[in-house]
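Just so you know, the sequences run in chain order H and C. Okay, so the first sequence: first residue is 1 according to the numbering used here, each after it adds one. Okay, so the second sequence: first residue is 1 according to the numbering used here, each after it adds one.
It should be emphasised that the hints constitute simulated quantities derived from the structure, not laboratory data. All residues carry an ideal CB built from backbone N, CA and C; glycine is no exception.
Which stretches of chain H does chain C cover? Using the computed rule of at least three CB atoms under 8 Å from a CB of chain C, they are:
id: 1; region: 105 to 117
id: 2; region: 120 to 131
id: 3; region: 145 to 158
id: 4; region: 234 to 247
id: 5; region: 261 to 269
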Amino acid sequence: MTPLPTAERRPLSDRTFGFLLTLPALVLFGAIVFYPLIGSLTTSLFEQSLVQPGREFVGLGNFRAVLDDQFWPVLWNTIVFTGLGTIAPFLIGFALALALNTRLPGRALLRGAFLFPWVIPGVVVSFAWLWIFNANYGLLNGILVRLGLIAEPVSWLGDPDTAMYAVIIAKTWASFPWIMVMLLAGLQTVPGVLHEAAGMDGAGVLRRFWHVTLPHLRGIIGIVVLLEIIWNFQHFDTIYVLTGGGPAGATTTFAVAVYDTAFKGFDLGRAGALGALWLVLLLVLVVVYVRFAEREEQS
Amino acid sequence: MTATVHAPTQTATTPAAVPPPRRRRPGNLGAAATVAVIGVFAFGPVYWLLVTAFTPNDDVFRFPPRLWPEHFTLEHFANLADNAVLGRYLVNSLIVSSLTAVLTVLVSAYTAYSFSKFRYRGRRSLMSLILASQMFPQALLLITLYLVFSAYGLLNSYLALILSFTTFTLPLCVWMLKGFFDTIPNELLEAAKVDGAGQGSVIHRILLPVSLPGLVATGLFAFIRGWNDFIFALTLAGPAKQTLPPGLVNTYLGEFQAAWPDLMAASLVVSLPVVIGFAVLQRYLVAGLTSGAVKG
Chain H
1 MTPLPTAERR
11 PLSDRTFGFL
21 LTLPALVLFG
31 AIVFYPLIGS
41 LTTSLFEQSL
51 VQPGREFVGL
61 GNFRAVLDDQ
71 FWPVLWNTIV
81 FTGLGTIAPF
91 LIGFALALAL
101 NTRLPGRALL
111 RGAFLFPWVI
121 PGVVVSFAWL
131 WIFNANYGLL
141 NGILVRLGLI
151 AEPVSWLGDP
161 DTAMYAVIIA
171 KTWASFPWIM
181 VMLLAGLQTV
191 PGVLHEAAGM
201 DGAGVLRRFW
211 HVTLPHLRGI
221 IGIVVLLEII
231 WNFQHFDTIY
241 VLTGGGPAGA
251 TTTFAVAVYD
261 TAFKGFDLGR
271 AGALGALWLV
281 LLLVLVVVYV
291 RFAEREEQS
Chain C
1 MTATVHAPTQ
11 TATTPAAVPP
21 PRRRRPGNLG
31 AAATVAVIGV
41 FAFGPVYWLL
51 VTAFTPNDDV
61 FRFPPRLWPE
71 HFTLEHFANL
81 ADNAVLGRYL
91 VNSLIVSSLT
101 AVLTVLVSAY
111 TAYSFSKFRY
121 RGRRSLMSLI
131 LASQMFPQAL
141 LLITLYLVFS
151 AYGLLNSYLA
161 LILSFTTFTL
171 PLCVWMLKGF
181 FDTIPNELLE
191 AAKVDGAGQG
201 SVIHRILLPV
211 SLPGLVATGL
221 FAFIRGWNDF
231 IFALTLAGPA
241 KQTLPPGLVN
251 TYLGEFQAAW
261 PDLMAASLVV
271 SLPVVIGFAV
281 LQRYLVAGLT
291 SGAVKG
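Next comes chain H alone, as it looks inside the complex (with noise of 0.2 Å):
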């Protein structure tokens, strides 16, 4: 049954062989993700249009323009929804795992449900909130005006002062699932007996909470706030269907400047420019999260 080994059977070895099998996923790669980043931040050398054959050297040119004119603005826009998007995220859905947590009725099946609006398609919950904030026949100002808080309906993600909060409410609602799952998976190794110690030697809850729970799950939320602050940084879907990163450019954060730079105004050009400094501010903030990720594997 067994045939004999032949020459031929080991004509590879175990380490040559382990990585041809990487190459079919490398070959696909670099096609589709590698040479497409090069290519894009290469553009930024250029003055290039989407729609016209030809490019142009013109040195740091596009830099010296974006920086000038969108960069400023748009880094505020994203700074903006990146903090407040992870801040609110994460408290609500802290305070939601600590709850379910508990010994509370049905907490396995509201764990399930809780997890609906991170679920459903990006595009899903634009509409769910662009009809919420309508500015006419919305929710939203249906309730605040019948509690008599406003007079007159508003236009939610019409006005400047108002659109970059709706947009983030609308995003936070669709992040803080995932950030509820993942602490309530970290709250779930906290040992008990730790609790018991700690409630036995007279500490209340706030104290135990902040002796015991908060420096065991210092690691997740580490890795959940981070990988937050990422996702943000580059968030696209949310934003464009609500506002299309208006009014007046109030709600343009990078990924929205570099898509309608490019495919809107076809100057890849200056949307390469964009995307390099984009990109390195991303790259700075993946450096901090590998570094922190790799601490945490090793202690």
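Place chain C on chain H using the hints.
Coordinates of chain C only, in the frame set by chain H:
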């Protein structure tokens, strides 16, 4: 997301046998109140989406809106069924997401096997490279992808969508499958080699059949990610090949007056496969979450 992300997986997949700490009654009341308040925020929009989808136009377009529905209708779903364009978007979504899942699982299975069971120089760097690539912003990749697909006449093709979707499904699937393969004992594969099986038959006769549940789960995650994509399908395909998310945006928004109830009904329809998929995937959820199964 990167090679180092499995720190949370470890903590997450080892739920302690210890029951949650006993709380006194005030604690439980606080928990219930927290769940109730966040529940209003979480389920209010879902409720409103459902109510709008089943309410006649006359009741929907009035201000202030009625919080409790009075009349019930299925006309908005009938409108969807009558709209041939939406049917085409649906078929496109099914085709593109399915083929993306198949291609991704095929390619990533070999890579994940390599990462899981072989040791060679550069392995860790390759892993980091593939997994970190999820962090590259899509809008930036899109510039060159558009030019390349345009140069090869691939704009408006399923292939362009499938290839562009692979940029985000492949890292995810490599990562998830590596996790599955890690749980398959080396002895099983070694035993087959001792019995004379070549490297290829070890993969195709032993590894893949044994990992079938993992392959299906991973494929389903890839399908969901493809189904949810917006930016690539919006840009690389026109109406003939577009998928549901950009298709719905183009159909219902940008009009002078949006048909909100129809859009809410369509939202329910486009969400359904994803919700079912996640219900099926419950047990793989935490592994999927930490590998960035659905990007936030």
